[in-house]
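*Asks:* Residue-level listing of the chains:
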Amino acid sequence: MATETVPPSNATASESKGSPFVGERSKVSSHISQNEGLIFEKSSPGKKAYRLAPLDVPAVDANALLGKHAREDLGLLPEVSEIEIIRHFTRLSTWNYAIDLGMYPLGSCTMKYNPRVNEMVARLEGIADAHPYQPESLSQGAMRVMWMLQECLKEITGMDAITLQPAAGAHGEFTGILLVRAYHESKGNPRKKILIPDSAHGTNPATAAICGYQVQNLKSNSDGMVDLAELEKLVDEETAALMLTNPSTIGVFESEIHKIADVLHAKGALLYMDGANMNALVGKTRPGDFGADVMHLNLHKTFSTPHGGGGPGSGPVACKKILEPFLPTPVLVETPENTLTFHYDHPESVGRVRMFYGNYGMFVRALAYILANGPDGLRQTTEDAVLNANYIRSKLEDVYELPYKTATLHEVVFSDRRQARNGVKTGDIAKRLIDYGFHPYTTSFPMIVPGALMIEPTESESKEELDQFVDAMRQIAREAEENPEIILHAPHATRVSRMDEVGAARKPVLRWKPDADASEAAASGENPPLVPATAAKEY
Amino acid sequence: MRYLPKSPADRAAMLEEIGVGSIDDLFLSIPAEYRLTGDLNIPAQMGEQEIVNFFRAAADRTANGYASFLGAGAYRHYRPVVIDALVQRGEFLTSYTPYQAEISQGTLQAIFEFQTMICELTGMEIANASMYDGSTGAAESVMMAARVTRRSHIVVANTVHPEYREVLRTYAQHQGLSKQRVGYGADGRIDMQVLDAAITDKTACVLIQSPNFFGVIEDVAAIAEVAHAKGALLIVSVAEALSLGIVRPPSEADIVSLEAQSFGVAISYGGPYCGVLACKEKFIRQMPGRLTGATVDQQGRRGFVLTLSTREQHIRREKATSNICTNQALVALMTCIYLTIYGKAGMRELAEQNLAKAHYAAQTLAATPGSKLLFANSPRFNEFVLETAEAPDVLNARLLQQKMVGGLPLSAWYPELRNASLWCATEQNSRAQMDAAAAVLAGKEAPALAYV
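If you read the sequences in order, they're chains A and B.
Everything in the first sequence is counted per my numbering, starting at -15 for the first residue and increasing by one.
Everything in the second sequence is counted per my numbering, starting at 85 for the first residue and increasing by one.
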């Protein structure tokens, strides 16, 4: 463990004395952080960061061409120089935590390494510049990438058919449930309800609702798994599908999955699998083999496309043959001459869920990831992800409560029960982890675990990084006993700490407006107030 | 595998720590009959050089090196290099949704700036942190309008992008919404008389696009008046965002659904792009998607947080305003950087160049024998509809021989526009390209293009 070894040269050796830490922070040291105002606060008329090529056609009079539709001015858009832009966004970037800086153990989010070659190939001319309406004869390379990705994903999931069109996981859920609905409609009855376990992601019930279904809650059993007896009671001829995350949100494989599928299929209902946790399964087992009828994948989780601070994602939907006629159009088809073409004429299709063909740039990245791994690499990846989660479990289960003792796959969920006795909740431990140089785990989810700490390390962490994380978590557990106050006011080492979220929601300030006092001060030659001391009330 | 940071010794030590004999012991919860015993049937592991070569070969089998006059919802604009230099910083590229505000201030402040710029451009009071794209954004705004008005009839202009309308149909089909389409008049704009008759006291909203699918700028103020007279909301979808540099913002609208791809986002065969919804502040509680707000921390320091999340799926579950979770954050950042680079003066200058290029292209192509500019007297931005003597497919085949991709044939969506195609000219189209295209249209030998 890191505390037992000689501290690395950059560690703050003096932290034991007068420091808020009971031990040492082996992962981080304090470091200067640049202040930076809003870009609008740097704007000044006449500054420029562009120069257009000279116009090679006659200039036009916008007012003459557009009449009353001509725009007068562009309001508060900034006017700054190129170096200011570089510094502005570079400074902002340094205020973010990122996978590139270290472990990002958000459960259910699969924050794995985003390979740089993916970024490079997605920007190749011919790929980045391909127009969705250019002739198919001039798009064969672009279409072949889609085709290969489709074939790989079908093989990985064990499914028969696929669409790449959905733009993210929730969009994939929407598409998948539309397929379910179209299937039941083709049998004469769309049915009324979707069963959703109480451990499910929030997107599942929201999706069922926008597809016109009632949500019926399915209680988990004492192992946190689907309660088969309860399921049998609830499934009837009005049940369209069960939306099941497997492995579940507590990182456990539904070992009775085939029975679950049988119960559903016996009543004509379908099994929808939320593929958010597919990183636990790739190369080891296939949803198509264990009874799932339709599922979505998150290319931005399992297949390494970057989260980018919240998106873009991509949510392909794979399904069994019975659902294929209902897939969104256009459908990619290979001709006998080995060329690819889009088919639009599918009368039973649920329709388009997005314009063009989906988040194509993400397809390129995901395929690059699959090619870099091959079958052996994908399997090793899954094994390492599961190994890491089990390692964390075995290293922490003596200090954090493990509510479900069932076998862990890719993520482990603890509860804050022991620490809560000292007033320290999961959200507090999460904030304290920031001081130790880690991004927090997922807090308070799944809802079946009160005070949940949901930890998904992914395969991308070395043993050293895991040991540092374990060390930090153990120190925080000790702090919870010896000095809970230090946790309750964490983080201490960040630019800002514990934002007033209630105030933000009660009186929303969602855009910048010039501050009257500041502009007066500027006009009179005084300096505007320093950032970030500027209070929000000045908006 | 080069992305995995473990030695065999590390793995052995960890297994020992866990107390199992082999990695397979950790997968025993998967029933044996479903465990894979062999390799997946996918291509074998490739080295980085092989991967790059593979995609280079794919890139070469595209329209690489062709001049193009395509637009129609995906616009060819120059992307300043600063954008990729900045968005490839790992702290932006490899971070998650900024739920942990203390270590996400960079993303949060950038989104706050993005929201501000979108408000300035669209004439709206608030904007969200992004939607998947313009098509789903338009559909989400229609559902939002239905919630706001508690009405279930929607009116849609036939000049909204046909694929946007297809997506709307998919979204609306299980929402109990009835839909009415309104055609266009001889000027290529929504038929105001038909529109007036279509709106009733049950109408939740009117959805238009401006500039519309034909590139024609709609009279937003007049349409708003008609919609508002019967209590319906007006949603304006903007597919070519650069038009806002020179076209008056749709301030009379209640909701603006913008596709911001034009702002420095690669065309990339159709995605990822950047939808964004902007609206009047009074509709804030019905707005889908994430919102960033300014606030202070426990010591009074300025900072930003995701806010009003009680609208969202992770809190409200089936009662949420939308099921959207992941959005287009990094693409929104690209557009934010783009808007910062061009800024107040550059956006105007660039939009003027587009106006001039498209004006020249329209005049030049329409002057070829048998060609005619449709909706010629209506205000346009950088797209126009050209009617030709020949079928567009025949014409386009001849253009392709000269390494040019011509306009998009319209008859599949608008059978009445038989020999018409939709052309787009941007700052990326040189005068030489336009003259060469005109020569091909005129049946002449096109001068060889020195560069495209």
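Possibly wrong hints are sitting among the right ones.
[Stated by the list, open to error] Listed next, the in silico DMTMM-like pairs over lysine to aspartate or glutamate satisfying Cα-Cα at most 25 angstroms (straight line):
{"#": "1", "chain 1": "A", "residue 1": "305", "chain 2": "B", "residue 2": "117"}
{"#": "2", "chain 1": "A", "residue 1": "379", "chain 2": "B", "residue 2": "108"}
{"#": "3", "chain 1": "B", "residue 1": "428", "chain 2": "A", "residue 2": "56"}
{"#": "4", "chain 1": "B", "residue 1": "428", "chain 2": "A", "residue 2": "45"}
{"#": "5", "chain 1": "A", "residue 1": "379", "chain 2": "A", "residue 2": "466"}
{"#": "6", "chain 1": "B", "residue 1": "90", "chain 2": "A", "residue 2": "451"}
[To be verified] Chain B residues, not near chain A, derived (Cβ > 10 angstroms throughout):
{"#": "7", "residue": "158"}
{"#": "8", "residue": "233"}
{"#": "9", "residue": "253"}
{"#": "10", "residue": "315"}
{"#": "11", "residue": "454"}
Just so you know, the hints here were simulated from the structure itself, not pulled from any lab data.
In this text, a Cβ means the ideal position worked out from N, Cα and C, and glycines have one as well.
*Asks:* It remains to establish, for every hint, whether it holds in the given structure.
*Replies:* Hints, one by one, checked against the model:
At most 25 angstroms may separate the alpha-carbon atoms for a hinted pair to count; residue 305 of chain A and residue 117 of chain B meet this at roughly 22 angstroms. Only pairs whose Cα atoms come within 25 angstroms are accepted, and residue 379 of chain A paired with residue 108 of chain B is accepted, the gap being roughly 20 angstroms. At most 25 angstroms may separate the alpha-carbon atoms for a hinted pair to count; residue 428 of chain B and residue 56 of chain A meet this at roughly 11 angstroms. This hinted pair checks out: residue 428 of chain B and residue 45 of chain A have alpha carbons roughly 19 angstroms apart, not beyond 25 angstroms.
Straight-line distance between C-alpha atoms of residue 379 of chain A and residue 466 of chain A comes to about 21 angstroms, which keeps the hinted pair within the 25 angstroms bound. Between the alpha carbons of residue 90 of chain B and residue 451 of chain A the distance comes to roughly 13 angstroms, so the proposed pair stays at or under 25 angstroms and holds. With a least CB separation of 5 angstroms from chain A, residue 158 of chain B falls inside the 10 angstroms interface cut-off, contrary to its annotation. Distance to chain A confirms residue 233 of chain B as a non-interface residue, since its nearest Cβ pair spans about 18 angstroms, more than 10 angstroms.
The Cβ of residue 253 of chain B sits about 6 angstroms from the closest Cβ of chain A, inside the 10 angstroms cut-off, so the non-interface label is violated. In this structure residue 315 of chain B is separated from chain A by more than 10 angstroms, as the shortest Cβ-Cβ distance comes to about 25 angstroms. Chain A leaves residue 454 of chain B outside its interface by the beta-carbon criterion, the shortest separation being 23 angstroms against a cut-off of 10 angstroms.
Checked against the numbered hints given earlier, this structure breaks hints 7 and 9; the rest are met.
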